[in-house]
Amino acid sequence: MKEELIISGRMNPGIDPYLNLWHWQIPIYLFLGGLAAGILFFAALYSIMGKDKEMPTTVKWAPFLVPLALTLGLGALFLDLKHKLFFWQLYTTIRLDSPMSWGAWTLMLITPLSIIWVASYVKEAIPDWKWKFAWLESFEGLVIRYRLALAWALLVLAIILGIYTGILLSAFNARPLWNTSILGPLFLVSGLSTGIAATMWMSKDPRERSRLSRIDLILIGIELFLITHLFMGFLASSAVQIEAAQLFLGGQFTVSFWVFVIVLGLLFPAVLEILELRGYHIPMAIPALAILIGGLIFRFIMVEAGQITRYLY
Amino acid sequence: MRYAMAIDTRKCVGCSDCVVACQTENNVPVGYCRDWITETVDGTYPHVELELRSERCNHCDNAPCVRCCPTGASHIVEGGVVLVTHNECIGCGACIQSCPYDARYSHPEGYVDKCTFCIHRVREGQKPACVEVCPTKCMYFGDLDDPNSEISVALRNRKFKDLAPEAGTKPQIFYLI
Amino acid sequence: MKNSRRDFIRISALGLGGVALGVGSIRWAGATTLLDGEDGVPDAGMQRYPTFCEVCFWKCAGWTYTDGQGRITKILGNADDPHCNGRLCPRGTGGVGMYYDEDRLKWPLIRVPGAEGDTFRRASWEEALDLVARRLKEISAKHGHESVALFNHGSAGHHLSTLLNAMGSDNIAAPSYAQCRGPREVGFLGTFGASVGSPEPTDIRDTRCLVLIGSHLGENMHNGQVQEMADAIDRGATIITVDPRFSTVASKSRFWLPIKPATDLALLLAWIHVLIYEERYDKDYVARYTEGFDQLREHVKAMTPEWAYGITTITPEQIRETARAMADASPAVIVHPGRHVTWYGDDTQRSRAIAILNALLGSWGRRGGFYFKTAPKIPHFPMPEFPSPRWTWKDKLNGRYPLADLAVSNVLVEASIAEEQTDDKVVKAWIVAGTNLPLTMPDKEQLIRAFDSLEFVVVVDTMPMEITGYADVILPECTYLERYDELRDSPHREPWVALRMPATEPRWETRPAWWIAKQLGDRMGLKAWFNYSDYTEVLDWQLRQLGSSLEEMQQKGMMKLERASGTLYLEEGQDFAFNTPSGKIEFYSHMFEAAGFDPMPVFTAHPQPPDGYYRLIYGRAPMHTFSRTANNPNLTDLMEENNVWVNPKTARVWGLRNGQEVYLKNQDEVVSSFPVKVRVTERIRWDSVYIVHGFGHSNKWLSRAFGKGLNDSELITNVMVDPIMGGTGMRGNFVTFVTEDLGKEAEA
Ligand SMILES: Nc1nc2c(c(=O)[nH]1)N[C@H]1C(S)=C(S)[C@@H](COP(=O)(O)OP(=O)(O)OC[C@H]3O[C@@H](n4cnc5c(=O)[nH]c(N)nc54)[C@H](O)[C@@H]3O)O[C@H]1N2
Ligand SMILES: Nc1nc2c(c(=O)[nH]1)N[C@H]1C(S)=C(S)[C@@H](COP(=O)(O)OP(=O)(O)OC[C@H]3O[C@@H](n4cnc5c(=O)[nH]c(N)nc54)[C@H](O)[C@@H]3O)O[C@H]1N2
Ligand code: SF4
Ligand code: SF4
Ligand code: SF4
Ligand code: SF4
Ligand code: SF4
Ligand SMILES: [Mo]
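Those protein sequences? They're chains A, B and C, same order as listed.
Convert by adding 1 to the 1-based position in the first sequence; the result is the number in the working numbering.
Convert by adding 25 to the 1-based position in the second sequence; the result is the number in the working numbering.
Convert by adding 1384 to the 1-based position in the third sequence; the result is the number in the working numbering.
So here's chain A without its partners, still in its complex pose (with noise of 0.2 angstroms):
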């Protein structure tokens, strides 16, 4: 029989006798960031591409939720830290190595860029909406004249932000269930199928809900593909990859996994959607939201059992 024990010292609250540092916050600002990614990307990438006609709700409308997410999201993280009233530290550095920092520069500049965004169709939406100052209002015609100009930068950032939501988690080798490098495209696919389906539930156009539906598919076909690919990489991987594995193959993530992520949240929407593709008629509200919910449990199992997992020494 072998024993491994701690006998003294080691049970620092949060770290012992397993890490649980962690909590809701962290799933949370992952889930909004990836959200938010999600949206913009495909408002810029639709708006470059000249479509802002065809796809309104992908480029105007949706977009109104990113200042929100972005906004809940950093709030989030702000509860999460510890020592809040150094907050400001953040930024009197940037620091290449570290995801957290370019994390918290990408959020300082999408933040504002995409609530500048958003302000450039405020008038679209509410048509006699005035800006309160004259400045605002000039402002308002030079954005407008560099529109693409801005998707530009949104589009980048967009992609950093995903990126970066996906490799937060995947940049901590010493967690190994985290410790993989199909985690990044993983969380960054599945955040921009958030997006998507967050866009598609406002969007009232058939038309631009297929065109995203058909996108989306895509996105949860690579899904399932990178998950796949991330269990076959564990369990051909060292013994604490095979136990990280473990807590989604038997261990106590199971349940949760299959049945939240992987069949509400991958599986059903898809069958919903392609039977939408075929012309059922399915309300968007409810692949929509399957989608959501399972990209936001995806975030909790993943960042609490990431956490269970450590090294063997």
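Worth flagging that the hints you see were computed from the coordinates, not collected in a lab.
Remember, predicted model here, so these are calculated numbers, not experimental data.
Not one of these hints is a red herring.
Restricting the straight-line Cα-Cα distance to at most 30 angstroms, the calculated cross-link-like pairs of lysine-lysine (DSSO-like) are:
| hint | chain 1 | residue 1 | chain 2 | residue 2 |
| --- | --- | --- | --- | --- |
| 1 | A | K3 | C | K1644 |
| 2 | A | K3 | C | K2061 |
| 3 | C | K1944 | B | K162 |
| 4 | B | K195 | A | K3 |
| 5 | C | K1940 | B | K162 |
| 6 | B | K162 | A | K3 |
| 7 | B | K195 | A | K83 |
| 8 | C | K1940 | B | K152 |
| 9 | A | K3 | B | K186 |
| 10 | C | K1944 | B | K152 |
| 11 | A | K3 | C | K2049 |
Chain A is fixed; fit chains B and C with the ligands onto it per the hints.
Coordinates of chains B and C with the ligands only, in the frame set by chain A:
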């Protein structure tokens, strides 16, 4: 200069003096610790083996905790010692997540804390508190770049291992076996 | 439950004593870690004060450090001190927790009887001291001065002994004799004419072979020995550990002999057999210094390794191989006398066998064996002769335990029980200072009967330990970090004197024992024996006699004196008169023979556990001292409860899982008050279970220790008393597991 520590598992009795001494020297609140003791038992009675280890931050040469720190609060000073500047730390926990040894903890005041190699003592020419107190004198501390330091001598004369080398962190605490 | 006169007071509804419960994380040092620094920069205002540690009885000298605000921050060893060489053990380092424990006794408490059970009320020192002095005077007037007994352990004992002796009583006992070292002192005395004493004069530093019979150095954290053992490991010395449990030191030993418990004497005799019949003993030494070799040779003739194998489960090859390893190292070999040796009631004879083995190996008085210790001679502060008592504990032996050379605590307990009091030599009042008898004495039943009979009990303690629950008056002593005490005069290789001085004012209304003793003495008309207003006068006088002064010692902490007695080791060919009847080391003990005991140890078999029962063995954890540290915030942080160690085979039979809570029930149907968690481990024989002593506290005032773990003492109801010196053998108890939830925690 490269500070490192070697701990002789043949002598360590797991008494945990190094843990209390660290707490009283460094004002670590009761209920928290910067170092800790593990016990590994292997075999079947009466053929049993026991290893006791005093563990702490490994002051890794390739320290993920420093790399992932968004503010630079986690940083490296002379001799490769990894430190946290408390008033630069925002308590984001990234460094805690990045440490394969779970050597860091969140101090009740919010910042992240961990072993400092007692740099305040080392700078004054003293040894770390845990090394100084250990009743079995099983810990060696010093400069790896100095071939005559007690740690260099210890590592030259004995077989040793480090923990979780596969994590790639290049730990600087060695266990003499 | 029987309604006894002196019910143990659990927590009183009054909650008097103002005990602060549920202290969470305690920060013992003042300033929080500086926010602008990378690390807590050492305080510029740091001060240090000499002390010697009171967390156990090894008495390491050290320094108490205070910060700029005068708050105690840490305790470090004194580099001059041979007991610790500048390194305290974890308990000494964690001694700060004794000072900062918010559950400490804070002011005098007096028992108030009540319909719903007694309670304590807070009292002033004046009132409490007056009451104690009056009651003690009344009782000694009525039943004789000798009717007041003192139970003590540690420094407080010295001051209160003066009080008792001045009163005219010498009924003073410490559990460190009959519950601890007594048997080995007598066994070695009968062999070498010298007892072992504390610290043990084992020259581990230079040994080539260390043999540990149960002694679990490394868990038994007696500092100097552990340090020297580590040095010995470094030097590649052979360690042989005999223990039914794979102790820490067993894991560092070349040989681990997992003996069947209670059979050590057979192994020792077989080793003696091998040394003699393989002619591997130290012939010169034996010829020059010993007596009775031929009788010994005859005596062990049949005690072959093959004979011992059947008894001990240790194979003949292992026995021979280890005997040869000892002989190879001779005379730099130590068969350690052990310390807590009251195991099976024949412990004095087992200790005799250990002494004989050492004599055969020529290790007594030899480098790497046992050195000749020397203690500093500290002059006594002038005071009148003590009156001689009419009777002492010796008169209560009634022909039993003839070789007891120190007071046998259990005999004094017995003399306090009304039904046992057949003459006028009775004990009616107790002073208890620094010993937690309910967790220390086996046979709780007997102890409770004594409490029921006693007219008055005063407890001088620092913590609301179980013993305080039986007190009529509780007098709170301050901790060792807040007081002066008698100078340390423990023996060692060189004679060193150490000073203990306060690093800070006592917290709350606690007072040092010297002050308590003097206050009582003054009130009882015994002023002449307390002829000073402050203990510093005594210390200064003594230190000046030694050529120093209090002032100087407050700076230095320690002073070394000249070695007064002879050399550290026997010189080559030196003649030496041992303090035995024959003047030689006695293989054949005349002292034992004269007292009517086997002159050479004889093996007798002890009962082994019946089916479904396991032998209860116990020991130490390095970070705790008995029950005294169980509530220390720093040390409970390291280990907050004990576990019961169970071999996986046994666990399988019972379906026990790691961490599962069980109660233990002994052969007399006594069930533990609290459940204890199971540790399934290969580190123990399948026929025994092991727990660390000192846990399972039942006093709720101990906010951290209450109900944590299991109290072994309450399961020790079968006491195998050593007929030679009265030691209470405590390892003849067998336990079984109670796996259902008895919910006892709530009611206790
Ligand atoms: N079941 C069982 N019983 C045993 C043992 C065992 O292993 N198992 N071991 C035996 C041995 S070897 C021994 S030596 C004895 C030891 O037995 P004890 O001497 O009774 O040991 P402790 O449990 O340490 O009790 C010490 C008491 O002193 C108090 N105290 C601590 N510091 C001070 C102080 O500065 N001043 C005063 N006035 N009081 C103080 C503590 O609060 C506590 O109440 O126990 C023996 N009994
Ligand atoms: N940390 C710490 N250190 C201490 C103390 C403390 O409270 N805490 N107390 C001090 C005091 S006063 C004393 S007396 C000493 C006691 O320390 P020791 O003298 O070392 O203690 P023992 O109780 O004799 O030994 C306990 C060991 O005996 C083993 N054992 C049990 N039954 C048998 C048996 O039948 N045969 C053999 N060979 N071994 C057996 C147990 O498995 C355990 O490993 O410790 C001292 N040191
Ligand atoms: S103080 Fe030394 S012997 Fe004790 S646990 Fe720490 S390293 Fe081991
Ligand atoms: S042990 Fe952990 S905290 Fe220490 S340097 Fe390495 S990764 Fe960083
Ligand atoms: S918790 Fe503090 S030290 Fe750790 S990564 Fe965040 S800012 Fe850096
Ligand atoms: S080196 Fe200093 S900070 Fe690090 S564990 Fe030892 S005592 Fe603690
Ligand atoms: S051995 Fe430890 S507890 Fe005992 S006196 Fe020394 S330092 Fe104190
Ligand atoms: Mo003892």
